[in-house]
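Chemist: Each chain, letter by letter, is given below.
Protein chains: 2
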Amino acid sequence: MSPPDGFLLLILSSPSGAGKTTLTRMLMERCPDLRFSVSHTTRKPRANEVDGRDYHFVDREAFLELIDRGAFLEWAEVHGNLYGTSTAEIDRARADVSCTGMIFDIDYQGARSIYAAAPGDTVRVFILPPTIAEMARRIHARAGDSDEMIRQRLETAKVEFTMWPEYDYVLLNDDFDRAYVDLAHIYHAERLRRDRNPWLGGFVQGLQREQVEG
Amino acid sequence: MSPPDGFLLLILSSPSGAGKTTLTRMLMERCPDLRFSVSHTTRKPRANEVDGRDYHFVDREAFLELIDRGAFLEWAEVHGNLYGTSTAEIDRARADVSCTGMIFDIDYQGARSIYAAAPGDTVRVFILPPTIAEMARRIHARAGDSDEMIRQRLETAKVEFTMWPEYDYVLLNDDFDRAYVDLAHIYHAERLRRDRNPWLGGFVQGLQREQVEG
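Quick mapping for you: the protein sequence lines, in order, are chains A and B. Just so we're aligned, residue 1 is where the first sequence starts under my numbering, counting upward by one. Just so we're aligned, residue 1 is where the second sequence starts under my numbering, counting upward by one.
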């Protein structure tokens, strides 16, 4: 990956049912300069999911071929399905001047890989559900997951909960609107970091020239 | 100073006339949980300044005595006047449970000292004027400064401009309302950092207990 150029890699992780996918969509709708990183997966689409928008749905053979070709910045197996982020996906967004960052809806394994590849560009947000009961309710309400998948998700959540100390920010999602405001503040503030605005050096030089000439 | 407990030390610095005092006041009005750090100074009050609100105005002898007693976390001489932040000022705010942070309207020398004393608690924001002409206009419009003081301030600004790379965030104050929104986003986001919320560990343990018992 290229050196830091102000491009922001905003990672959202959480146990299933904590609300990260809904919060990601809320942020995407309001921030046109942020691009959603569409992961590849071998998981079957849910009823409301669209190929190319929510995921690139591929079969296992195609996914393994992409791994062989070195197409993924990161990939992992979760609940027997493969998930991955293609390097080309990020490079396309970086090359687009109307795009200032990408948002990643990925688990802690993906978060670790992306952070390792570009630590200075990465902002990691972990989302917690208010209670286990509420988390379980949201998982059960989700269309298209089998009972076995639901059981696995609740089981995996036990491991995922322990990963929060690896993240820069932690949001408690007891109310989607409030959690969205928190997330939007984080995105806006992180864009203002000195090292994400490479134009500042030239701007201050301009002020100094104005001062000498004035 | 005590170990990190989530208390935020928000530092605003800028060349004179970039607007940091106005932005500080705007944030204070809207964030009652943020306390303004009232510095001590030997400078004479301006027409609109109130003792104990804007500064603790003291004479040079009293200031030197405070230095001798080790009362200051940081102090420095600027334009022939002494400025300092008393440790008691910060300790009082930390002890107040309704107060989640302090805001410091100080120069780069003060910023360095506070950062050195509590790097994990400190967030440093540098404010830039849009142009030198606009900065000079604001300095001239200020009541109570002599021509010599104005000349000195413009001269000092040359040094102050070079300090922006020491700050975490840099704001361009071409419009006070927009710069205020930027500053408010930074404050809100920084409060959400994992390491500023020591209650998170206990909260996640509670979720894990609920999961085992459920």
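Honestly, the hints are just simulated from the structure, not real lab data. Some hints here could point you the wrong way.
Said to hold, decoys possible - Cβ pair distances, simulated, as ranges:
hint: 1; chain 1: A; residue 1: Val50; chain 2: B; residue 2: Ala116; range: 28 to 36 Å
hint: 2; chain 1: B; residue 1: Phe203; chain 2: A; residue 2: Val50; range: 30 to 38 Å
hint: 3; chain 1: B; residue 1: Ala116; chain 2: A; residue 2: Phe203; range: 25 to 33 Å
hint: 4; chain 1: B; residue 1: Ala117; chain 2: A; residue 2: Phe176; range: 33 to 41 Å
hint: 5; chain 1: A; residue 1: Lys158; chain 2: B; residue 2: Asp175; range: 43 to 51 Å
hint: 6; chain 1: B; residue 1: Ser146; chain 2: A; residue 2: Ala116; range: 55 to 63 Å
hint: 7; chain 1: A; residue 1: Gly6; chain 2: B; residue 2: Gly120; range: 40 to 48 Å
hint: 8; chain 1: A; residue 1: Val159; chain 2: B; residue 2: Gly120; range: 26 to 34 Å
What the hints assert, rightly or not - Per the computed footprint, the stretches of chain A lying under chain B, defined by three or more beta-carbons under 8 Å from a beta-carbon of chain B, are:
hint: 9; segment: 129-136
hint: 10; segment: 147-161
hint: 11; segment: 177-186
hint: 12; segment: 193-200
Remember, it's a predicted structure, so these values are computed and weren't measured experimentally. Glycine included, every Cβ here is placed at the ideal spot set by N, Cα and C.
Chemist: Is 28 to 36 Å right for how far apart the beta carbons of valine 50(A) and alanine 116(B) are?
Modeler: Because 53 Å falls outside the window, the suggested range is violated.
Chemist: Would you say the C-beta atoms of lysine 158(A) and aspartate 175(B) sit inside 43 to 51 Å of each other?
Modeler: holds (49 Å)
Chemist: Could you check the hint for me, namely that serine 146(B) and alanine 116(A) are 55 to 63 Å apart, CB to CB?
Modeler: holds (57 Å)
Chemist: Tell me if the beta carbons of valine 159(A) and glycine 120(B) are separated by a distance inside 26 to 34 Å.
Modeler: Between valine 159(A) and glycine 120(B), where Cβ atoms are some 28 Å apart, the hint holds.
Chemist: Between phenylalanine 203(B) and valine 50(A), does the beta-carbon spacing fit 30 to 38 Å?
Modeler: holds (35 Å)
Chemist: Range first: 33 to 41 Å. Now tell me if the beta carbons of alanine 117(B) and phenylalanine 176(A) are that far apart.
Modeler: Holds, at about 39 Å.
Chemist: Is the hinted range of 25 to 33 Å satisfied by the C-beta distance from alanine 116(B) to phenylalanine 203(A)?
Modeler: holds (28 Å)
Chemist: At a Cβ distance under 8 Å, does chain B reach at least three residues of the segment 177-186 of chain A?
Modeler: Check passed, 3 qualifying residues.
Chemist: When I compare C-beta atoms, does the segment 129-136 of chain A have three or more residues closer than 8 Å to chain B?
Modeler: holds (count 5)
Chemist: Three or more residues of the segment 147-161 of chain A near chain B by CB distance under 8 Å?
Modeler: holds (count 4)
Chemist: Does the Cβ-Cβ separation between glycine 6(A) and glycine 120(B) fall within 40 to 48 Å?
Modeler: violated (25 Å)
Chemist: Count the residues of the segment 193-200 of chain A with a beta-carbon closer than 8 Å to any beta-carbon of chain B: does the count reach three?
Modeler: holds (count 4)
Checked against the numbered hints given earlier, this structure breaks hints 1, 7; the rest are met.
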